[in-house]
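Sequence positions in the sequence shown follow my numbering and run 45 to 180.
Simulated from the structure, these hints should not be mistaken for lab results.
Where is the CB? At the ideal position from N, CA and C, for every residue including glycine.
There may be inaccurate statements among the hints.
[What the hints assert, rightly or not] FRET-style restraints, in silico, Cβ to Cβ:
{"#": "1", "residue 1": "S143", "residue 2": "L168", "range": "15 to 23 Å"}
{"#": "2", "residue 1": "I51", "residue 2": "L168", "range": "40 to 48 Å"}
{"#": "3", "residue 1": "E157", "residue 2": "G73", "range": "14 to 22 Å"}
{"#": "4", "residue 1": "F109", "residue 2": "T61", "range": "22 to 30 Å"}
{"#": "5", "residue 1": "F108", "residue 2": "F60", "range": "39 to 47 Å"}
{"#": "6", "residue 1": "F60", "residue 2": "S112", "range": "19 to 27 Å"}
{"#": "7", "residue 1": "R63", "residue 2": "P124", "range": "28 to 36 Å"}
[As the list claims (entries may be wrong)] Simulated crosslink set (EDC-like; lysine to aspartate or glutamate; CA at most 16 Å straight-line):
{"#": "8", "residue 1": "K104", "residue 2": "D54"}
{"#": "9", "residue 1": "K153", "residue 2": "E134"}
{"#": "10", "residue 1": "K164", "residue 2": "E149"}
{"#": "11", "residue 1": "K82", "residue 2": "E134"}
{"#": "12", "residue 1": "K104", "residue 2": "D66"}
{"#": "13", "residue 1": "K82", "residue 2": "D57"}
{"#": "14", "residue 1": "K92", "residue 2": "D54"}
{"#": "15", "residue 1": "K92", "residue 2": "D66"}
{"#": "16", "residue 1": "K104", "residue 2": "E152"}
{"#": "17", "residue 1": "K136", "residue 2": "E157"}
{"#": "18", "residue 1": "K164", "residue 2": "E152"}
{"#": "19", "residue 1": "K104", "residue 2": "E150"}
{"#": "20", "residue 1": "K139", "residue 2": "D119"}
{"#": "21", "residue 1": "K82", "residue 2": "D54"}
{"#": "22", "residue 1": "K153", "residue 2": "D57"}
{"#": "23", "residue 1": "K82", "residue 2": "D62"}
{"#": "24", "residue 1": "K82", "residue 2": "E167"}
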Amino acid sequence: MLCRRWIEGDALDLPFTDRYFDAVTVGYGLRNVVDRPKAMREILRVLKPGSRASVLDFNKSSSFFTASLQSWAIDNVVVPLASSYGLTEEYKYLKSSISQYLTGEELEKLAKEAGFSSAKHYELGGGLMGNLVATR
């Protein structure tokens, strides 16, 4: 049986010893961190050698078509749907946060600069989202 408990912490100063985890996953979080290079170095620090990190998030697309589709979907589908559940404030920041995020290529570069031995970004949903997989 797995022992599970929630531990609140700061992504820039994780409350774990070095080489603690076999894997690290981040879902829709790295985009919202103020110091992404430091967060990636913290992820690297807590990973055991040879282990992987997986970072899933919306993409900042380098394609005009994909970026336009994403912008339209946020304005006309995501935010209105969220608003119908009383979650306007929680979702209206998406467009600006995505525009300030990184492309897949930039995420790969960020991981390698943090010290990961390899990094590959996989586009999902036609490039609207992506998953960075990086190996320590």
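Structure-inconsistent hints, enumerated in ascending order = 2, 4, 6, 7, 8, 9, 11, 12, 14, 17, 22, 24
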